[in-house]
Amino acid sequence: MDFSLSPEHEMTRKMVRDFVQKEIAPVIKEYDRKQEPIPFMLKRMGELGILGLPFPVRYGGQGMDYLAWGLACEELEAVDTSLRVVMSVHTGLCAMSVFQWGTEEQKRKFLVPLAKGEKIGCGAFTEPGMGSDVAAMRTSAKRDGDFYILNGEKMWISLASKADLALVTAKTDLSSPKPSSALSSFIVDLHSAGVKRGDLHGKLGVRAGSTGWISFTDVRVPVENRLGEEGEGFKITMSAFDHGRYTVASGAAGIIRACLEASVKYAKTRTTFGKPIAEHQLIQEKIAKMSQDYEIARLLYYQAGWLKNQGKRCTRETSFAKKFATEASFSAANEAIQIHGAYGYSDEYDVERYLRNARGAMIYEGSSEIQTLIQAGYALGERMDKPLRCEAPAYDAEFWQGEP
Amino acid sequence: MKIIACIKQVPDSEAKVRAEGGQVTWGDAPLVINPFDEYAVEGALQQKEAHGGTVTALCIGPESAKEALKHALAMGADEAVLVSGSALNEIDSVGAARVLAAAIQKIGGADMVVFGRQTLDNGSGLTTAQTARVLGWPLLGLAGQIKVQDGSVTIERVIEEGRVTVSAKMPVVLSVVQSIGEPRYPSFMGIRKASKANIPVWSLADLGMSAPAPVVKRIELMNPPVNETKIEMITGETPEEIAKTLVDKIIAEKVL
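Protein chains in written order, with this note's numbering: chain A, 1 to 404; chain B, 1 to 256.
Rather than coming from a laboratory, the hints here were simulated on the basis of the structure. By construction, the Cβ of each residue, glycine as well, lies at the ideal position given by its N, Cα and C atoms. Careful: at least some of the hints might be erroneous.
[Stated by the list, open to error] Taking lysine-lysine and the DSBU-like style, the derived pairs with C-alpha atoms no more than 35 Å apart in a straight line are:
# : chain 1 : residue 1 : chain 2 : residue 2
1 : A       : Lys109    : B       : Lys48
2 : A       : Lys43     : B       : Lys193
3 : A       : Lys289    : B       : Lys16
4 : B       : Lys230    : A       : Lys43
5 : B       : Lys16     : A       : Lys275
[Said to hold, decoys possible] Heads up, incomplete: computed chain A residues facing chain B, CB under 8 Å, no partners named:
# : residue
6 : Met11
7 : Thr12
8 : Asn225
9 : Gly381
[Unchecked claim] Distance ranges between label pairs, derived from CB positions:
#  : chain 1 : residue 1 : chain 2 : residue 2 : range
10 : A       : Glu279    : B       : Val247    : 36 to 42 Å
11 : A       : Asn151    : B       : Pro35     : 54 to 60 Å
12 : B       : Val201    : A       : Pro222    : 57 to 63 Å
13 : B       : Gly136    : A       : Gln21     : 41 to 47 Å
14 : B       : Gly52     : A       : Ile296    : 48 to 54 Å
Please build the complete structure, drawing on both the sequences and the hints.
Below, the structure written as structure tokens:
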């Protein structure tokens with residue numbers, strides 16, 4: 001067993017870290033306060049190849065593996081969650097689903113511009129009255145010749161107002177007794193007639209992130225934009241979540257690390273009762289817990305990344321990584337505020353932002369409760385991975401790095 | 001155009017560098033490419049992009065300095081060469097210049113050799129000029145902009161009084177400053193190339209020379225004196241009384 005990172009992984013980590021430290025860290029507080037996305041963020045992430053990091057060069061990507069993708073997410077979220085969210089929805093939910101389920105033609109048409117950052121993608125699953133409860137989905141897609149007519153509304157969609165394309169899950173079989181076979185997936189051009197969208201404000205955290213709503217009124221979606229077969233939407237959505245959760249898990253490890261580093265720095269310089277607070281055992285306990293949690297979170301997402309590289313299903317392992325890291329990141333941020341005292345409660349320091357940012361990840365991409373049910377299902381033998389028609393491709397360096 | 005970028009590996013700028021037993025130590029802080037040399041690589045790559053050719057990154061240092069060379073490769077350099085050996089540990093800037101000049105000749109010469117303005121560790125900024133002297137090539141120092149035309153290099157240097165434009169026939173030795181442009185991040189394609197790169201390591205014997213004896217010796221290395229700061233709260237019954245006490249103390253301390 002080899003736990004070391006390759007030189008490629010180390011250099012990827014350093015490159016992404018340098019980018020966020022130089023360009024994002026100096027301005028993030030300002031945009032978080034204004035509740036506005038950093039205007040140059042998507043463009044820069046595209047130019048630097050970060051948006052297409054884990055895709056083959058022949059599809060416009062950078063040919064790096066799934067572990068490098070996780071490492072990038074950790075570095076991005078160690079500065080701010082809004083950047084990692086882009087990796088979750090653009091790269092994870094949208095582009096990775098096209099890569100896994102798309103035909104060769106769809107990969108050429110949709111994946112290439114997404115991987116190059118020429119087009120921005122998002123994933124539209126959640127609705128005003130539905131999140132985890134897929135059976136309650138109301139958005140419908142009715143076949144009309146060579147088109148589907150899409151109607152409905154999606155809410156809490158990251159990059160809703162910024163994206164060009166959305167992976168949309170909709171009901172194609174309104175009479176199906178089984179929700180899992182009633183759904184289909186579509187790549188929808190958000191510039192189509194009948195699409196309206198807007199931003200949502202007033203979120204607790206990820207305030208520099210773009211979150212919004214999309215409504216579809218008689219939107220004509222060409223049949224060739226359907227991803228997978230009709231009725232495969234549930235499987236596609238669940239596999240999209242496997243990718244998204246992996247980014248959330250690795251990003252949350254970044255929050256824990258950021259809390260740990262901020263707390264260590266502060267604890268060594270702040271003195272009470274005549275000595276640095278780092279010498280007080282109750283402070284040490286908090287720092288030790290963060291340190292331990294970072295290590296566990298890191299190893300859990302490394303494991304998921306390794307399994308993805310092997311082309312093995314890792315819904316269970318990704319669920320462990322996502323639930324553990326998101327809950328531990330919230331706890332780490334909470335304790336980091338405690339260590340910083342009143343200063344931590346103000347936005348003079350970053351730790352209050354870490355706390356606000358960490359909270360959402362216990363809800364989105366499958367809440368902690370849903371993760372618990374998934375894990376219990378596997379442990380009790382009630383849930384087993386069935387082979388998919390299109391499994392997520394294993395990392396094959398030769399194929400991924402080869403020119404078209 | 002054949003371009004060589006000379007780089008060095010130094011402790012990270014956030015490292016706490018201290019003197020211990022007459023030696024410099026930076027604890028377990030990471031070693032990185034000298035930040036000023038990233039501008040040298042950037043300047044070299046800009047010229048390659050403008051005029052074609054190749055960029056070779058050249059470094060004197062221990063085996064670990066390959067990491068700094070890999071950074072240059074990941075940024076876009078075509079080749080990298082490390083000159084290494086225990087005899088090189090004690091060389092001064094003249095010695096470094098002699099070794100670099102020999103390595104440049106072994107590479108097959110160049111049209112342009114680019115340095116950063118100084119290194120973060122020694123910081124003398126002398127090696128550029130000394131290398132030019134050993135090679136017998138013109139030196140164009142502290143370039144903020146570089147233009148190549150008809151076999152000549154013209155640079156613009158910002159000085160206190162304005163700007164100076166100077167020119168010389170190639171081959172030339174250059175040093176560049178930050179206004180050359182922010183160093184690019186390594187590309188992912190560059191990262192893949194760099195991580196697989198087999199960087200040749202040349203010894204002094206490969207360069208056909210023995211270790212240059214240092215002409216400058218370091219006599220002493222000391223940490224800066226520690227400033228002891230003391231805080232005293234001035235109290236009093238009235239603002240006037242506090243102000244008077246403060247003024248008395250300022251005068252007593254000879255601050256005014």
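Tell me if A/Thr12 is really an interface residue toward chain B, meaning its C-beta lies closer than 8 Å to one of theirs.
With a closest approach of 6 Å, the A/Thr12 hint holds.
Given the proposed pairing of A/Lys109 with B/Lys48, does the C-alpha separation stay at or below 35 Å?
Given pair A/Lys109, B/Lys48 holds - Cα atoms ~34 Å apart, limit 35 Å.
Does the structure keep B/Lys230 and A/Lys43 at a Cα separation of 35 Å or less?
50 Å, violated
Evaluate the given range 54 to 60 Å for the C-beta pair formed by A/Asn151 and B/Pro35.
The hint (54 to 60 Å, Cβ to Cβ) holds, given that A/Asn151 and B/Pro35 are roughly 56 Å apart.
Should the hint that A/Asn225 touches chain B count as held when the rule is a Cβ pair under 8 Å?
29 Å, violated
Going straight from one Cα to the other, do A/Lys289 and B/Lys16 come out at no more than 35 Å?
27 Å, holds
Given the hint of 57 to 63 Å, is the C-beta distance from B/Val201 to A/Pro222 inside that range or not?
58 Å, holds
How about A/Gly381: closest beta carbon in chain B under 8 Å, or not?
It is violated, given that the least Cβ distance between A/Gly381 and chain B is near 42 Å, above 8 Å.
May I ask you to test the hint 36 to 42 Å on the CB atoms belonging to A/Glu279 and B/Val247?
39 Å, holds
Return holds or violated for the Cβ distance of B/Gly136 and A/Gln21 against the range 41 to 47 Å.
Between B/Gly136 and A/Gln21, where Cβ atoms are some 42 Å apart, the hint holds.
Once the shortest beta carbon distance from A/Met11 to chain B is found, is it less than 8 Å?
4 Å, holds
Assess, step by step, whether the Cα of A/Lys43 is no farther than 35 Å from the Cα of B/Lys193, and give holds or violated.
25 Å, holds
Of the numbered hints listed earlier, those contradicted by the structure are 4, 8 and 9.
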